[in-house]
Amino acid sequence: MRALQSPASVHDVLVLDRTELAPGVVLLGFHAPQLAAVTQPGQFVMAVPPGGERAAVALGIYEAQGDRASVMFFVCGPRTREFAGLREGDRFSVSGPLGNGFTLDGAKNVAIVAGGVGIASVLLPAQALVRSHVRTRLFYGARTAELLVDRERFEREGCEVICATDDGSFGHRGFITQALAATEDKPDLILACGPSPMLRATAFVAGELGVAAQLSLEETFACGVGGCWGCVVPLDRNSAQAPGFPGQDEGGSEVVYARICKEGPVFWAHELRW
Amino acid sequence: MRALQSPASVHDVLVLDRTELAPGVVLLGFHAPQLAAVTQPGQFVMAVPPGGERAAVALGIYEAQGDRASVMFFVCGPRTREFAGLREGDRFSVSGPLGNGFTLDGAKNVAIVAGGVGIASVLLPAQALVRSHVRTRLFYGARTAELLVDRERFEREGCEVICATDDGSFGHRGFITQALAATEDKPDLILACGPSPMLRATAFVAGELGVAAQLSLEETFACGVGGCWGCVVPLDRNSAQAPGFPGQDEGGSEVVYARICKEGPVFWAHELRW
Amino acid sequence: MVTDVDLSVRIGSLELAYPTLMGSGCYGSGEEFAPFIDLSKIGGVVLKSVTRAPRLGNPTPRLVQTPAGMLNAIGLQNPGIDWYLEHDVAKFASRPCAVIGSVAGFSVDDYAYVAERLAARDEIHALELNISCPNVAAEGETFACDPRLTARVVKTVRATTDKTLIVKLSPNVTDIAGIAREAESAGADALAVINTVRGMAIDVNAWKPRLGNVTGGLSGPAIRPVAVLAVYEVARAVRIPIVGQGGIETASDALEFLLAGASAISIGTGNFTDPRIPVRIVEELHAYLAARGVRSLREIVGKANVGFANPYQYEGDEG
Amino acid sequence: MVTDVDLSVRIGSLELAYPTLMGSGCYGSGEEFAPFIDLSKIGGVVLKSVTRAPRLGNPTPRLVQTPAGMLNAIGLQNPGIDWYLEHDVAKFASRPCAVIGSVAGFSVDDYAYVAERLAARDEIHALELNISCPNVAAEGETFACDPRLTARVVKTVRATTDKTLIVKLSPNVTDIAGIAREAESAGADALAVINTVRGMAIDVNAWKPRLGNVTGGLSGPAIRPVAVLAVYEVARAVRIPIVGQGGIETASDALEFLLAGASAISIGTGNFTDPRIPVRIVEELHAYLAARGVRSLREIVGKANVGFANPYQYEGDEG
Ligand SMILES: Cc1cc2nc3c(=O)[nH]c(=O)nc-3n(C[C@H](O)[C@H](O)[C@H](O)COP(=O)(O)OP(=O)(O)OC[C@H]3O[C@@H](n4cnc5c(N)ncnc54)[C@H](O)[C@@H]3O)c2cc1C
Ligand SMILES: Cc1cc2nc3c(=O)[nH]c(=O)nc-3n(C[C@H](O)[C@H](O)[C@H](O)COP(=O)(O)OP(=O)(O)OC[C@H]3O[C@@H](n4cnc5c(N)ncnc54)[C@H](O)[C@@H]3O)c2cc1C
Ligand SMILES: Cc1cc2nc3c(=O)[nH]c(=O)nc-3n(C[C@H](O)[C@H](O)[C@H](O)COP(=O)(O)O)c2cc1C
Ligand SMILES: Cc1cc2nc3c(=O)[nH]c(=O)nc-3n(C[C@H](O)[C@H](O)[C@H](O)COP(=O)(O)O)c2cc1C
Ligand code: FES
Ligand code: FES
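Protein chains in written order, with my numbering: chain D, 1 to 274; chain W, 1 to 274; chain H, 1 to 319; chain A, 1 to 319.
Here chain D stands alone, though its shape is the one from the complex:
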C-alpha cells in the first residue's frame, strides 16, 4: 500500500446535521474544513464520546467536502448509542484523518465490495474513481433491504450499484461476494470493506478471478494511532506495509504483525496471513 497518510490532528467539531438512515443507522455531518481538506479515501477518525469515561471509537470518514465531513454508524454499543444522541449544534471531538487509505492509481475498472457498515468507508473512494472517469461498480450487501442504506447516493455519484440481501428482500438473495464472483465484466481492482467473513470471501473471489484486492480491515481499536499493538493482523514478512520485527506464528510460518490502525486499515489481500 502506498503511504496515504495525511497530517492528523484533533478537531473539536460542531454537529451540522443528523439523519437516521435506517433504524439504528445514523449519519452525522459536522463542521471540519481542515479535516475534510486532507482526508484520503479509506481513512478514518477516532471519535471521542462526549460523556467521557469511554474510549474513542473508530469511524470511517464517509463524506469530506468543503467545510463538512461526516461519519455513518450502526448503533451497537454504549459509545455509538452516545453518538446517536448528538443533535445539530452539539459538539464532539475527532482525531484524524488516520490510517492508510486505498491506492486507486492506474485502475480502469473497479469493483467496490461493501457489507453492512463497511459502506461508511467506500463513498470517498467511489467519488474519487468516478471523478477520474474510472468505471466503478458497488457490490453492496446487507442483511435486509432496509439496511442497504444510502444506496441511491452511490447511484447519483455515478456508480453502478449491485445489491444482495441475506433474505432476498432487495437485489440478489445471498452473499454479495457471490454476485461479484458471477460478474461477466471482470474488474482490474477490487476494494472491499465490511465484516471479516465478507472480506475473506472477497479475497477468495479475487484470487479466483486473478484480480488484485485491497481490503479495509476491522478490529477493536484502543488507541487508533499505533501506540498499543491491540489491533494487529499477520502480514507476509515481505509486505511493504510490514512494520517491524518478524516472528513465527502458531503454525511456525514467518509473519510480521502489522497494526490495522497504523499500517492499515487497508491491506493488499494477497499479503495478509490471517
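FYI, nobody ran anything at the bench for these hints, they're computed from the structure.
What you are looking at is a predicted structure, and each value in this text was computed from that prediction instead of being measured.
We put the beta carbon where it would ideally sit given N, CA and C, even for glycine.
Any given hint could turn out to be false.
Said to hold, decoys possible - Computed list of lysine to aspartate or glutamate pairs in DMTMM-like fashion (alpha-carbon distance at most 20 Å, straight line): (1) H:Lys-155 / H:Asp-109; (2) A:Lys-208 / D:Glu-219; (3) H:Lys-155 / H:Glu-116; (4) A:Lys-41 / A:Asp-203; (5) A:Lys-303 / H:Asp-203; (6) H:Lys-303 / A:Asp-203; (7) H:Lys-91 / H:Asp-122; (8) A:Lys-41 / A:Asp-4; (9) H:Lys-208 / W:Glu-219; (10) D:Lys-186 / D:Glu-160; (11) W:Lys-186 / W:Glu-208; (12) H:Lys-208 / A:Glu-299; (13) A:Lys-91 / A:Asp-38; (14) A:Lys-208 / H:Glu-299; (15) A:Lys-41 / A:Asp-6.
Said to hold, decoys possible - Just the calculated beta-carbon pair ranges, DEER-fashion: (16) W:Arg-87 / D:Ala-182: 40 to 48 Å; (17) W:Asn-238 / H:Trp-207: 32 to 40 Å; (18) D:Gly-89 / H:Ala-90: 40 to 48 Å; (19) A:Ala-159 / W:Arg-81: 50 to 58 Å; (20) W:Gly-174 / D:Val-38: 49 to 57 Å; (21) D:Ser-9 / W:Gly-24: 27 to 35 Å; (22) W:Arg-131 / A:Ala-290: 47 to 55 Å.
With chain D's structure known, arrange chains W, H and A with the ligands on it following the hints.
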C-alpha cells in the same frame, strides 16, 4: 411527618420539553399523567439514565399537573450530563413518586427556604399552600443572580419571593438564612430544601424563632426505596419517623438511623440528631 | 425454536423457579421493590446480612458513584439477631420467592451462633455466609482472604444446619480458586462469587476520603469483567454450584456468568439502575434459549469454560 | 492566588518537568501521539515492555471494551532486546520528555539481563520493572503476586544499574502493601501502582471468551477506585515515591491519586479517550493549585491520607 406516600411505580416517559434555565440548569418536562396525579409536594423520583451502566438519580418532582410532570437539575456529573442530552421526543424511565413529602396542614404563614438546586422540590408545596390561601414566602438563595432560576415563576404562582446571592448580584448579599432570621413577619412553619449547611442554618434560625421547620434532606442515594441503608440520618428515637432498632452513636447517645429515601426526605428539624 | 424453556435451578437443596437472586444488602427484604416488580418472577431475595449484636453501621456518606459503578460502606447496619428474629423474620413468610438469610460476623463463634438461630426459622429457606464484607473492621474481611479461616468458619457453620449453605467469596485475594476449594471441602453447598471489590474515592475539594468509612466496596458494571473471571476460575476448581454476581444488568451480562460456569446469578446494583432489570433478564434469557432450541438453562452452564465440570453432572439427576 | 506553581517532581534521581507519565504499552514510544499533543508538555513516556526474546504476543482479539474500561491481552508483543537496542532505542533520543524503559521477563535472570542492557543506553533515563503483566503465562504474574519473588527480582535488577528503578505492582493480590514493602527493601526507588486488574469477557453468541488469550487486564475509569485505594495503602507502607495510575482522565482524577499519596501519575487508557488529556490535566492541576495558593504540587501529596509519610520529608531536600 405524616405518611404522605403515594402508590409508586415505574413509568416509561416521553420528553415533552427541555429548557436550559441557566447554564447547566435544565428543566425537563415529560408525559406522565399517572405520576402527576398522585404526587405529593416534596416527593421525588429515581430517574434511570438512558444509556444504562449508571445508577438512577434522585430528582425532586418540580411540576405535576395534568399529563405532565417535570424535573429540574444542575448538571454536576455523568448522569445529570446524560439527562441534559435528552430532547423532546426522547424517552426515559422514572420510578416514583417516592418518599414522604411536606406536611402542610394547619399552617397559616409559611416561609419556604430554598438554596440552589433545592428549588426543584419546593414549587409543589408553594402551589399547594397558595391554593389553600396560606401566606407563602419563598426565601431563595444562590451563588449568583443567574442561578436564581425560575424565580419569577414563584411570583406568578402567588408567592412573595425574597432573594439572596453570595456575591450580592441580586437581592440580599449573603446567606438566605440571614434574610429569614431578619424577617419581621414571623412564619408559623418553615419548609426548607437545599445544601446541608443551609439546612443546618435554617434549623438553627427556626430554633431561635421558635418555629417548627421541616427539612428536605439530601444524601447520595443508591436504591432510593429503602433497600440498601446507604442514605441514613440519625433521628431522635422517639420520632414518629424512626424506622427500626435504636443504637448508640459515637457520642453514646441513643439514636435511630432513618433512611432519607424512605422515612424522608422530609424530616422535622427538631427530631434530627445530626 | 422451543417455547417450553426450563429456567429453574437448584442450589444445594434449594429449588429456585428462576435463576435470579437479589444481592444481599441491595434489596432490603424484597418488599421495598414490590411496587416496581412482581416478586414471584424472581428466584429469591438474599436478605441484608445480620450479625450477633446490633450495629448502627458506618458514618455517612456511605455511598459514592464511580464510573459505571459505585462504592458502598454501609458497615453491616442491622438490628442484631435477637431483634431480627423477634420483629423482622415473620414478615418474610409472605414473599412469593425464595428467602435466603445472610449471616455476617467477627468470629467463628458469631457466625455459628447467628447461622444456627436463623436457619432454625421456617421463613428462611437457605443461608448465605458473608465472610467477605469489605466494610467492617479488619477481621470481617480476613475470613474470605485466608484459606484456613474460610475452612474453619464454613465447617463450624455447616455443623449447625442442613439447609443450603452458600458461601460468599471475596475477589480481593491473590487466589480465589484456592479459597473456593477450601469452602467446598469444608461443606459449602454453593459459592456466591463475588462480593464487592475494595476501593476508595477522594474528595479533591475537601482533601479527604469521600466515604465516612474511608474505604468501601465497588460494585456495578465496572467490576463485571473481574467477576466473570472469578466465576470462570472458581468453576474450574470446584464442583458445587456458583451464584455469579457483579455488575449484571442485562440477559447478556447474565449469560456471561452462566457460560463461565455459574448455575445462577445475583443482581444487586442493577436494581438501582432500573428495578425492572431482574424480570427483564428472565424474559430475555427465556427468549435467548428458545431461539437456540435450548430446553433448560442448565445446559448452557459453563459452556464457554473449557475444562469446566458442570455441577449437575455429579448429582446423578440430570443428563 | 499564586501564578508560579511548581509542577515538577522527582522520582528517585529522575527529574520530571511535569508529574505526568504515559503508561507503558499505551503510548508506543510517544511519537505516535505527537500529532495530537505537545510531548514537551508531558513528564515522560514509559515505553512498551521489552523482553529478552522477541514475542509476537497473543492471538487476536486483544482488546474488548467494557463498562467505563477495557480489557487488553496484548501479551507483551515486542521485538526482543537485541532488535530493540539495534533498531529502536536510538530514535528515543529526540523525545522532548523523559523516556523510561520497561522491562518484562519470565525469570529473574531475564529481568536482570534486559534491565542491564537497556539501562546502559543514554536514551533511557530510568527503568520500570513490569513484574505484574497479567497477560502472559502464569510465571509473568507470579513475581508481583509473591513477596519473595518480588524481593529477589528487584534485588537482582537493582544490582545492575544506578538509574532510577520503578517497580510496577499488581492489584491482583490479597495484600499489596506487603509486596510494596518487599520491593522497597530490595532497593526500588519508586513504585508504579497499579497495573491492570485481571478480568475477562465472554461472547454470548459464540459461547467463548472474547479475548484470544481468554483473560486480560482491565484498565480505565472502571478501576480508578481500586487504584486509588491501592495507592492509599501502599503510601502508608513505604517511603519511596509512588506513580499512581488506573483510570485517570481528568485533573480531579489525578488529584485523587496525589492526595492519596502518589508523587506522580501515569495515564494509559485515558489517551484512548482523548489524546489531549495529559496536557489538559497539567493545565488544570496548575489552575487548581494556583487557586488554592499552593506553590508546589509536592505539598499536596498524601494530604487526604492520615498517617502518610511524605517521601520528600525523608530526602532532606524539601521542607
Ligand atoms: C477502521 C475502522 C473503521 C470503522 N468504521 C466504522 C464506521 O464507519 N461505522 C460504524 O458503525 N462502525 C465502524 N467501525 C466499527 C466501530 O468502531 C465499532 O463498532 C465500535 O466499537 C462500536 O462501539 P460501541 O461502543 O457502540 O460498541 P462496543 O461497546 O465497542 O461493542 C459493541 C460490539 O461488541 C459486541 N458485543 C458487545 N457485548 C458483547 C457480548 N457480551 N458478547 C458478544 N458480543 C458483544 C456487539 O455485538 C457489538 O458488535 C469501524 C472500525 C474500524 C476499526
Ligand atoms: C431526595 C433528593 C432529591 C434531589 N433532587 C434533585 C433535583 O431536583 N435536582 C438536582 O439537580 N439534584 C437533585 N438531587 C441531587 C442529585 O440526585 C445528585 O446531584 C445526583 O447525584 C447528580 O448525579 P450525577 O451523576 O450527575 O453526579 P454524581 O456522579 O453523582 O456526582 C456529582 C457530585 O459529586 C461531586 N463529586 C464528583 N466527583 C468528586 C470528587 N472527586 N471529589 C469531590 N466531589 C466530587 C460533584 O461535585 C457533584 O456534587 C436530589 C437528591 C436527593 C437525595
Ligand atoms: C449498597 C450495597 C450493600 C451491600 N450489602 C451487602 C451485605 O450486607 N452483605 C453481603 O453479603 N453483600 C452485600 N453487598 C454486595 C452485593 O450483594 C453484591 O455481592 C455485590 O454488590 C456485587 O454485585 P452487584 O454488582 O450486582 O451489586 C452490598 C452491595 C451494595 C451495593
Ligand atoms: C493496551 C494496554 C497495553 C498495556 N501494556 C503494558 C505493558 O506492556 N507493560 C506494562 O507495564 N503495563 C502495560 N499496561 C498497563 C498500563 O501501563 C497501566 O498501568 C494500566 O492500564 C492502568 O492505567 P490506565 O487505566 O490509565 O490505563 C497496558 C495497558 C493497556 C490498556
Ligand atoms: S489500536 Fe492501538 S495500535 Fe492499533
Ligand atoms: S438509598 Fe437505599 S435505603 Fe435510601
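Status of the hints after comparison with the structure:
no., hint, in the structure
1, H:Lys-155 / H:Asp-109, "holds (11 Å)"
2, A:Lys-208 / D:Glu-219, "holds (17 Å)"
3, H:Lys-155 / H:Glu-116, "holds (13 Å)"
4, A:Lys-41 / A:Asp-203, "violated (41 Å)"
5, A:Lys-303 / H:Asp-203, "holds (11 Å)"
6, H:Lys-303 / A:Asp-203, "holds (11 Å)"
7, H:Lys-91 / H:Asp-122, "holds (11 Å)"
8, A:Lys-41 / A:Asp-4, "holds (16 Å)"
9, H:Lys-208 / W:Glu-219, "holds (17 Å)"
10, D:Lys-186 / D:Glu-160, "holds (14 Å)"
11, W:Lys-186 / W:Glu-208, "holds (11 Å)"
12, H:Lys-208 / A:Glu-299, "holds (15 Å)"
13, A:Lys-91 / A:Asp-38, "holds (17 Å)"
14, A:Lys-208 / H:Glu-299, "holds (15 Å)"
15, A:Lys-41 / A:Asp-6, "holds (14 Å)"
16, W:Arg-87 / D:Ala-182: 40 to 48 Å, "holds (47 Å)"
17, W:Asn-238 / H:Trp-207: 32 to 40 Å, "holds (38 Å)"
18, D:Gly-89 / H:Ala-90: 40 to 48 Å, "violated (59 Å)"
19, A:Ala-159 / W:Arg-81: 50 to 58 Å, "holds (52 Å)"
20, W:Gly-174 / D:Val-38: 49 to 57 Å, "holds (56 Å)"
21, D:Ser-9 / W:Gly-24: 27 to 35 Å, "holds (29 Å)"
22, W:Arg-131 / A:Ala-290: 47 to 55 Å, "holds (52 Å)"
Comparing the model with each numbered hint stated earlier shows that hints 4 and 18 do not hold.
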